[in-house]
Amino acid sequence: MILSKLKLLHIVIIGSVVCIGVGVGVYMMLIKPQKELLAKETARYNAAIGEGTMQVLQAAQDDYVKAQNERSRAVAALDDQMRRRMPDMSFERRDIGMMELWREQINTLGPLLEGFARDTNVDVLPTSMQIPAPPASPNDAIFDKTLLEFPSVGQIVVHGDFKSLMANVRRWNNCRRLVMVGPIRLAGTSPDLEATYSISCYIFPVAVGGPMIPMAVGGVAEPAAGGPMGMPGGPMGMPPGAMPPGAMPPGGMPPGGPPAGGAPQ
Amino acid sequence: MLKINLLPKSIYDKLKMRNAAILFGCLALLILLAGLAYSHYVLAPSIRDMTAKADEAERIQQQVQLVRAQAKGVRDSIAPIQAKLDFINAVLKYNVEYPKLYEEVARWTYDRVVVNAMDCDGTTLTMGVRARSLNDIGRYLLNIYRATHLFAPNSIGISGVPGYGGGTASGTGTGGPIGLQAGGAAGTALAGIEAIGQSLERRPAEASWIDFTVTCKLKNPIVAPQFVAPGAAGAEGAGPGGMPGGAAGPETPAAPGPQVPGPPE
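Chain order of the listed sequences is Y and Z. Quick note on numbering: the first sequence equals residues -12 to 252 in the numbering used here. Quick note on numbering: the second sequence equals residues 22 to 286 in the numbering used here.
Please note that the accuracy of each hint is not assured.
[To be verified] Calculated lysine-lysine pairs in the DSBU-like style (CA-CA distance at most 35 Å, straight line):
no.	chain 1	residue 1	chain 2	residue 2
1	Y	Lys27	Z	Lys74
2	Z	Lys121	Y	Lys150
3	Y	Lys(-8)	Z	Lys74
4	Y	Lys(-8)	Z	Lys35
5	Z	Lys240	Y	Lys150
[Said to hold, decoys possible] Chain Y stretches covered by chain Z per the calculated footprint, using a threshold of three residues with CB under 8 Å from any CB of chain Z:
no.	region
6	-8 to 4
7	10 to 19
8	24 to 34
9	38 to 47
10	104 to 114
11	160 to 171
12	174 to 180
If you are wondering where the hints come from, they were derived from the structure by calculation, not from laboratory data. No residue lacks a Cβ here, since even glycine has one placed at the ideal position from N, Cα and C.
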């Protein structure tokens, strides 16, 4: 009925419009979204492909292995130096670390340096090392330091010929502690040369200070005035719980009550 | 017999219009099918392929980033170890710097002068020297001037040389107030490592010695190493005399702080 009123030209126009409409519709609703998705995925791929190849991954893994090797080498080298030149002293447990530092500063370091200063190849004037008193509180800031410095612990005066004196200075690199030899002053005439130099000592603890130890206010004794290898204020001022059981003096608990840090039951 | 079609042309229009409608319908259907086929057989596989590749690339990229982060973590952990190692090595190197300097200076000393004092503060080397004649002084100085790898240019000074009638002179750099003899350089011999020993062994027997002091600035000053903890530059050792620069918590916490675990039984 309607068709009877249409002419062929109308059919051609309508058909063309319908075809175009179908084409546009298919493109707009089907192809265009997919093309956009494809472009998006391609962009994602292109963004990732710079670092997303197996070669890059392999290179990164190689670099990681290299870094681990570097670390292993550094750790091995440091361990070697620590074994050769440092006391085995860790402040991870402040109380135990403090006792280790006491032993080092009071009993070990001074005699060790004085003993090492005695070089049989030169005449060494009697030397007395001046090591400051260690801290009496396990919460002292010194336990948070990476490096313990003992500057100018002693003045060394040696007599001998030039070569022996130079060898004597170099010999400090073999000491069981890290010792820095200060500027050297030479006087006299060989073989009666006199060399004067000061030494400083450095200690790297294995680990810096761990958690603070709770302690009563004012329970810290002052360290003794620094005589040669001076004793600290003594265990009288130790906070409750700060003393490790191995270090507890015979006679029992220090005044001030039972340890708060958890003594062995 | 002649066939005459007496039917009007319009009698076929309906058929043509139907055929045209069918044709355009088929064409529209074809366009639709072509679009579907293109989408299904071309675009969709491309998208799937690209998505898979992008996913793979991103997965590898994430692995790469993870591995790189791990490598960076390892390298970051090397820094404090390396800082300690560097400091230890720097101290060991520093300890031999002065002997090396003195021995090298001895190599450039003229063997007919007596060096009776040598002192260095890291930047300036001071030598107390005595010689029998101005010729010897000149030759000694020429040797020292030639040690350009040791001393900064025009930094060599001399003082204490007697003038006429009780006056003294001092000078710096090349030349100076001393009248050097012509041909002095030709007769100057590098003394070698034994020079300082030999020269220092020659004790002055007469009062005719000329005492003078030579001051030279080192080309490469000797600087005592300083330990700088990584990431804590300026924090540690910033206080006077290497006192701790902080980083420690409260000395005496009022409230119970973190508990230190009890010692092992």
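Check your understanding: Which numbered hints are broken by the structure, listed smallest first?
Key -> Violated: hints 3 and 10.
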